[in-house]
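Engineer: Sequence:
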Amino acid sequence: MLKQRLTSPDSRLTTWLTALFALAQTLAYYAYLRNDPGNYNGAGAGGDQVAYIDLAQQVLYGTWEGAVHYMPGLPAVIAAGQLLTGDPRLGIAVIQAVLYALVVVAVARLAGTIFGEGSAPWAAAAVGLNPALGYYASQALTEFLTAVVLVAVAATLVAWSRAQSLWRAALVGVLIGLAGYLRAEYLGLAVLFGLIVLWMARARPSNAFASAAVLVCATLLVIAPWVARYTVTTGRPALYNESPFSNLVLMGTWFRVFDEQTFATLQQIETAPGTRDEAIARAATVGPRPELSQRYMEQARGPYERPLGETLPLAAQNVQLNLRQYLVNHLVLAPVLIWAGHTPLRQADAP
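Taken in order, the sequence shown gives residues 1 to 351; the numbers are from this note's numbering.
Simulated from the structure, these hints should not be mistaken for laboratory data.
Do not rely on the hints blindly, as some may be mistaken.
Have a look at the derived ranges for each label pair, beta carbon to beta carbon [what the hints assert, rightly or not]:
1) Val319 - Leu220: 25 to 31 Å
2) Ser165 - Glu278: 57 to 63 Å
3) Trp199 - Glu260: 34 to 40 Å
4) Gly116 - Gln261: 42 to 48 Å
5) Thr85 - Arg202: 44 to 50 Å
6) Asp259 - Leu166: 45 to 51 Å
7) Leu195 - Val319: 20 to 26 Å
We treat Cβ as the ideally placed atom computed from N, Cα and C, and that holds for glycine.
Let the sequences and hints guide you as you build the complete structure.
Structural biologist: Laid out in structure tokens, this is it:
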């Protein structure tokens, strides 16, 4: 009886109702957060939303100058939303709310394809009733759009696994390239999914290598125009204005290592006027582990460009210095907090 209910037209209705709920909760979050100057990391008026909306104006007027590590994908979507609604914040919320509803339906269908129709409404509920997704979808942040692209990558990979054609492998690469226009680090997924394709098609080695190569090449071709633009305008290949690869790797090793109060204080020190040595000295008095705060500031305040042979050992040392907290935060706390919507709370309301 339960199986019949889950595979009946009523279950499809449940999926669509869940999708509508996802759309509604996104717009509700937008209404709640629209006048809040803060963002998810407590950066206040200098937060990511503000930067992305400023960059969207550059896209609208064709005067892209960029800013640090921001890519042009989200600003372009914000600009499109601004043209539709007249307000960049409302525009991106509406676009992402609609995409959220469509993702709920897509995930339900994908689950039904892989696990059977009975799993579809459960998958829809897992995605559509997630408060964290609605929170991120309501704002000018990359987190939600990258999730949308990754769902598309997963669906395309499933389709490729059923009929291992090169054009489907190429489509996976194209989608990863598009994710790179949202956040540059997602370009690394081309290697990961290339390895997945190799493993899934291992029974046919020639097809496996061809599919993996096509996937990686498609990703490179999609991002190539942007790299070429920077090569022409700056004289060297790049993805964005600042934060080279070495800095991204090192800063990534600090993600979620500090408690929110310590990290907020370190960010204030990092961006405050003064010399690098002064910033390091101030950081050495911050938080329950001052030696970690000092090490963070030594890397956050440069030098930004380091050779790969220096970058990787430093990154490994960063993790080892605080291994237990790093693992707990990444493997235990982060998934739980993201699922529960750790910050469906306006920063202006936070204590």
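Engineer: Give a verdict on every hint.
Structural biologist: Verification of the supplied hints:
1. Taking 25 to 31 Å as the suggested C-beta distance range, the pair Val319 and Leu220 conforms, at roughly 29 Å.
2. Judged by the Cβ atoms, the range 57 to 63 Å given for Ser165 and Glu278 holds: they are separated by roughly 59 Å.
3. The given range of 34 to 40 Å is respected by Trp199 and Glu260, whose C-beta atoms sit roughly 39 Å from each other.
4. At about 47 Å, the CB distance of Gly116 to Gln261 agrees with the hint of 42 to 48 Å.
5. For the hinted restraint 44 to 50 Å between Thr85 and Arg202, the CB-CB distance of approximately 49 Å keeps it satisfied.
6. Between Asp259 and Leu166 the C-beta distance comes to about 48 Å, which sits within the given range of 45 to 51 Å.
7. At about 23 Å, the CB distance of Leu195 to Val319 agrees with the hint of 20 to 26 Å.
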